[in-house]
Each structure stands twice: as C-alpha cells, then as structure tokens.
Amino acid sequence: MVPLPYYLLLSGILFACGVAGFLIKRNIITIFMSIELMLNGVNLSFVAFAAQWQALSGQVFVFFVMVVAAAEAAVGLAIIIAVYRTRATLNVDKVDLLKL
Amino acid sequence: MLHLVLFLVFGLICVAGAVNLLLQSHPINSALSLVVVMGSLAVEYLLLGAEFVAAVQVIVYAGAVMVLFVFVIMLLNAGAEEHSKGSIIALALGVPGMLVAAILIAWVLVTHSGVHSVALGALLGHPRDIAQLLFHDFLLPFEVTSILVLIAIMGSVVLASRPEAIEHSKKEG
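For the record, the sequence lines run as chains R and B.
Residues in the first sequence are numbered consecutively from 1, following my numbering.
Residues in the second sequence are numbered consecutively from 1, following my numbering.
By construction, these hints were calculated from the structure, which means they are not laboratory data.
Please note: incorrect hints may appear among the correct ones.
Label-pair ranges, simulated between beta-carbon atoms [said to hold, decoys possible]: (1) R/Val95 x B/Ala165: 22 to 28 Å; (2) B/Asp137 x R/Val68: 16 to 22 Å; (3) B/Ala80 x R/Val68: 39 to 45 Å; (4) B/Gly63 x R/Arg87: 28 to 34 Å; (5) R/Asp93 x B/His3: 41 to 47 Å.
Predicted model, so just to flag it, every value in this text is computed and none were measured.
All C-beta atoms, glycine included, are put in the ideal place defined by N, C-alpha and C.
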C-alpha cells in the first residue's frame with residue numbers, strides 16, 4: 001500500500017523539475033526535453049488517480065497524451081532543425097529576431 | 001511493504017534522473033537521463049497496475065521519442081550549452097520559481113488530501129479492458145488522433161526538408 005499523495009508528490013517534483021529546466025536551460029533541445037518531463041509528470045498523476053478511483057478511462061487519457069506528445073515531438077524537432085538551418089545556433093538567446 | 005520499497009527506489013531514481021537533466025550541460029547527457037526518468041516511470045505505472053500504459057511508455061516514450069531526440073542531437077552536432085547574460089537571469093529567476101512551485105504542490109498535497117492509499121492489484125489495466133474503452137467509448141477521439149498524427153507527419157516532413165528541395169520538386173511536377 002502506497003499512499004496516493006506519494007505518487008502525486010513524485011509527479012509534482014517531476015513537473016517542477018520540468019518547469020525549472022524550461023526556465024534555466026538555454027539549449028533549445030534541452031528546453032524541449034523539459035517539456036516532455038512535464039508531460040510525464042502529469043501522466044503519472046493521471047495513472048495514480050485512475051488507480052485511486054478505479055476508473056480505467058484515466059489510463060486511456062494517458063494514451064492520448066502520449067500520442068499528442070509524440071506528434072508534438074516530431075513537429076517540434078523539425079522546427080528545431082529548420083531554426084538551426086536558418087540561424088546556425090541552438091541557443092535560444094541568439095534567436096532574437098522579434099526583439100527590438 | 002515490497003510495493004512501498006519498490007516505489008521509493010524507483011521514485012528516487014526518477015527524481016535523480018530529472019535533477020541530472022537540469023545539471024548536465026551537454027544535451028546528450030540530458031537526453032540519456034530523460035531515458036532513465038521514463039524507464040523508472042514505467043515501473044511506477046506497473047506498480048499502479050497500469051500494464052498497458054507501462055508498455056506504451058517504454059515503446060513510445062523511451063523508445064521512439066527519445067530516439068528522435070538523440071537523432072536530432074547527433075544530426076545538429078549539438079555541443080555543450082553556451083552561457084550568456086540571459087542564462088544568469090534565467091538561473092536567478094528559474095531556481096526560486098521551481099522551489100516555489102515544488103513547495104506549493106507539496107503544501108496543497110499535505111493539507112488538502114486525505115489518507116488514501118493505492119493498493120497493489122486493486123485495478124489492473126488489462127489491455128483487453130483498455131481496448132474495450134479505446135475502441136468503443138473513446139472511438140471518435142481515437143480516430144481524431146490518427147488524423148492528428150498524419151498532419152504531424154506531413155508537417156514535420158515539410159518543416160525539416162530544405163526549401164530548395166521543395167522548389168525542385170515543384171519544377172519536376
């Protein structure tokens with residue numbers, strides 16, 4: 001028996017690490033990996049609540065989140081390749097054409 | 001008891017991987033620690049009785065998505081992270097922000113949740129039951145995701161291909 005808050009705490013820690021990586025990291029690929037980390041943290045809380053309330057639809061939602069995350073990863077990495085081709089850098093501080 | 005021990009061991013591995021993702025400066029090291037996080041999360045799903053989700057986690061996330069990440073890192077020859085003025089500001093804002101978020105989440109969990117616990121084997125996400133839900137109750141969303149994936153494939157091919165290649169194929173066709 002594992003208390004439900006333990007799972008939610010783990011999920012919260014993963015989400016917080018993802019937020020921190022999104023804010024701290026300067027490499028565009030690492031920022032993208034932080035987003036995946038946040039999605040994983042949310043998935044864990046989905047599965048924990050599914051076990052708590054005996055509802056399998058929580059696990060189906062996790063499946064949908066994974067499908068959308070995979071599509072997002074494919075498109076996002078293609079955008080990263082396009083950015084690298086035009087700007088020749090992966091540093092987000094140097095992608096600043098919209099700045100005044 | 002064994003359940004709790006397994007949860008703690010793999011939870012610690014998970015958190016260690018997530019923290020290592022933040023500490024490493026080279027993207028390939030971050031990607032490999034993300035694989036560790038996803039693998040130990042699959043064990044956590046198994047502990048919660050979600051067999052199907054654990055299998056999909058390993059196949060789709062730790063397999064397909066991370067291979068894509070590593071492939072792009074190799075393709076772009078990404079080196080170690082460069083530090084600039086912006087990175088110091090980001091560090092000064094990001095670390096307190098993360099601490100505030102983590103403390104808020106922990107506080108809400110401590111004060112607003114009862115003493116529920118999750119029993120091993122109480123709910124088994126058997127693939128048969130998942131399929132019943134997925135192809136019956138959630139049939140329309142399932143079909144819509146197939147369109148989404150199709151659009152994503154076409155979008156990533158167009159975005160990643162060189163502009164000259166598209167021009168060339170227009171002239172050919």
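Hints, one by one, checked against the model:
1. A hinted range of 22 to 28 Å for the beta carbons of R/Val95 and B/Ala165 is consistent with their spacing of about 23 Å.
2. For the pair B/Asp137 and R/Val68, the beta carbons lie near 19 Å from each other, so the given range of 16 to 22 Å is met.
3. For B/Ala80 and R/Val68, the hinted distance range of 39 to 45 Å is not satisfied, since their beta carbons lie about 31 Å from each other.
4. Roughly 30 Å separates the CB atoms of B/Gly63 and R/Arg87, a value that falls within the hinted 28 to 34 Å.
5. A hinted range of 41 to 47 Å holds for the C-beta pair R/Asp93 and B/His3, which are about 46 Å apart.
Checked against the numbered hints above, the structure violates only hint 3.
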